[in-house]
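Novice: Which chain is which? The protein sequence lines are L and P, in order. Each residue of the first sequence is one higher than the last, beginning at 13 in the numbering used here. Each residue of the second sequence is one higher than the last, beginning at 13 in the numbering used here.
Since the hints were made in silico from the structure, they are not lab data. Be aware that a few hints might be false.
No copy labels: a pair is met if it fits in one copy or bridges any two.
Said to hold, decoys possible - Below, in silico cross-link-like pairs of lysine to aspartate or glutamate (EDC-like), each with a Cα-Cα straight-line distance of 16 Å or less:
1. K400 to E207
2. K360 to D337
3. K231 to E23
4. K246 to D216
5. K340 to D86
6. K238 to D254
7. K116 to D243
There are 2 protein chains.
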Amino acid sequence: MKAEIISIGTELLVGSILNTNAKFLSETLAENAIDVYRQSTVGDNIDRIVAAFREAAARSDLLITSGGLGPTMDDVTFEALSKFISKPLALHRPTYRAIVSRLKRHGFQMTKLITKQCYVPQSVKVFQNDHGTAPGVYCETFYQDRKVQVMVLPGPPREMEPLFTNQALPYFKKKIGLSGAKFLIRSVKLTDVTEVQVAQKVPDLLRLKPPATVGIYAKPDEVELKIMVKDNSKKQACRRADRIEKTIRTRFREKVATIDNETLSSVIGQILRKNKETLALAESCTGGLLSYLVTQTPGSSDYYLGGVVSYHDRIKILELGIPSDQIKRHGAVSRVVAKKMAVNIKSKFRADYGIGITGIAGPSGGRAKKPVGLVFVGVASKQKVFCKKMRFFGNRKEIQSHAAHRALDLLRLELLK
Amino acid sequence: MKAEIISIGTELLVGSILNTNAKFLSETLAENAIDVYRQSTVGDNIDRIVAAFREAAARSDLLITSGGLGPTMDDVTFEALSKFISKPLALHRPTYRAIVSRLKRHGFQMTKLITKQCYVPQSVKVFQNDHGTAPGVYCETFYQDRKVQVMVLPGPPREMEPLFTNQALPYFKKKIGLSGAKFLIRSVKLTDVTEVQVAQKVPDLLRLKPPATVGIYAKPDEVELKIMVKDNSKKQACRRADRIEKTIRTRFREKVATIDNETLSSVIGQILRKNKETLALAESCTGGLLSYLVTQTPGSSDYYLGGVVSYHDRIKILELGIPSDQIKRHGAVSRVVAKKMAVNIKSKFRADYGIGITGIAGPSGGRAKKPVGLVFVGVASKQKVFCKKMRFFGNRKEIQSHAAHRALDLLRLELLK
């Protein structure tokens, strides 16, 4: 089973938006053991879309498009599909009725432009879009005497993702009678190591051949080892991945930070919740990012009390109780201040752990002795307080992100002790 | 001049990473009046890469690839290029020497794998990679009697972006003698309106034909009108875009929030800095995101004092002075509390403006009367305080993001008064 993804939209070709749909579809197909052979992006133009359909149909069995189903005149994907499968467009009444009643519930009326979205090629399978107006469709056709499946999905990720996952993909798998063959992907993320250091410690794993392989990917704040196992039995695949994961854990121990969808924030949350402990944060250069990362984990209110963003030195003095003479003597970006921030936010908020971050995110404000990218992270626990001096590279946003992630990782390591 | 982008890498086809390179290249080409006709993604496989070269060469004049130049055996882009242009690979000595001396400076030695990266097809133009080892190359070839330009770039964005912008693109433009034709793109973003409302107010602009067109795009927190003007004179193009922008401003007034790379955060920053006024924030459900967005603007320390993330009710009471009986009576998510948060953070931090946000980000914690997505934003200025009740849809992250952006927009509108 070879699949191709065709992303439709001139905004992609002029680089206005990132193609997150191709990533999402590819990832979901990979997990379902469907190989993606090619991804293409074409503009909103009937002939070009039809040409893309034909090229892909000559190579692959399943074509999945996203985009070009909107209400405006430049959205022509259904017209292109109609041409490719030689079926005229017709008003799909169930879709029309569903949209009218949904609009009514929200106090809106049907418009001519939205009605246009209800015209789909005759005799295709239609999937209602629960998060927007344009429906998704599925059909089978013949091209050069080969049977080809076509799935047409809306462009906005909020609409496309649930429609594909909950409706189109299950329908397709049932229709095609796809075997239970599963492609299990497990992502093991390591922190505080370089790609080369990781590669040198697992040369045997990187040389594994299908059905079980391990890939290595360097990411901004971590190195990912991706375990990929293909097997007819999910249980077997899991067992095999477990064994490989165990090998990685034995070699890297606490440097294994997260598995799959875990984040540093969710891992910290699990430990804090289990220990019934609480956390408070004092941030300067990260400006609230650290706090935001912690609160991205649902249920973080169980252990996260809150924080202070002390952007101005006055707030460091008044709210965090940093003596002004210490700021004068050591500078706001210093080991002394980072430690004091961590200790004082901990006691002020009556938390079990406190973190303080101060640094120079840039682009200006750097000096020879204290360059852009210099960051101090203080961590205070019940027994002690310590501080790490770090130096990051990149733009302002990257430095803020690196600093926040490293701070979370320092806390994680402390919690594991 | 028609260009195509070929992204190379199996990690893209299995959805491990987002294709930011295609966006970056497309955007940069658009700004240089080079049309991107197609984007494709293929795996790390010589024959498939050559096939992609051939298909693209049959349609377009310039092919740009990124990826597949790494040190490991699965990186085969140079081999594919060698096959496509029928020139054998040969060691490129200047690249080799440059890498050896750079590695030496960092205390590393040349390895066999890195040496592999120095083999490029004979007689191509080579661009040194200042941020990595694999060089970029440019060459011209004939395919089906048509002259085709090929540019091969490394995959990591940190390496590819400067190499393309500073070396490959200028070299290409000079070589080809590209006319000064400029494609001016101006993005006008509107807040607090729907795509349909915008479309209904500018049907004339949406019908414009080249050389000046206007496109409409719905984004999560705004609607974008993109003005695109092609002209030989940059000044003329600017003047034309100015006229269209003026029309949009006349019709939407203060709903025009940002132009081009401006963000709500940078627009607010400009006004606050001009007025020499300051801002303080009190957040609950956004968990620090609002503060982080404000501090993403370089120089925000000029007007942003800081904030309190009062995630636990105890912090709302102790740090923000919300009377506990008010929380009991109205709930932490209420108009009363949002207003009080705004007023109290303003006076506590001695700022000119204060914002308070409280809401239910979900996924749990919602009730019939106070559902997930309910958010109150309070804004306090010198003269007054007001509160907006809002309801957002989506997952936790989306609700946090919507709330933070709407809060920034409310402040923007208040600052404009």
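Novice: At most 16 Å between CA atoms: does that hold for K238 and D254 within a copy, between copies, both, or neither?
Specialist: within (12 Å within a copy, 50 Å between copies)
Novice: Since the copies are identical, ignore which copy is meant and state whether K246 and D216 lie within 16 Å (CA to CA) inside a copy, between copies, both or neither.
Specialist: Neither. Shortest intra-copy (24 Å) and inter-copy (57 Å) distances fail the 16 Å Cα cut-off.
Novice: Check K400 against E207 for me: Cα-Cα at most 16 Å, and say if that holds within a copy, between copies, both or neither.
Specialist: neither (22 Å within a copy, 48 Å between copies)
Novice: Please sort K116 with D243 into within, between, both or neither, judging by C-alpha distance up to 16 Å.
Specialist: neither (48 Å within a copy, 46 Å between copies)
Novice: Between copies, within a copy, both or neither: which fits K231 and E23 at Cα up to 16 Å?
Specialist: between (27 Å within a copy, 12 Å between copies)
Novice: My question is about K340 and D86: at a cut-off of 16 Å on alpha-carbon distance, are they close within one copy, between copies, both, or neither?
Specialist: Result: close neither inside a copy nor across copies, 61 Å intra and 53 Å inter.
Novice: Please sort K360 with D337 into within, between, both or neither, judging by C-alpha distance up to 16 Å.
Specialist: Intra 21 Å, inter 22 Å, cutoff 16 Å: neither.
Comparing the model with each earlier hint shows violations of hints 1, 2, 4, 5, 7; every other hint is respected.
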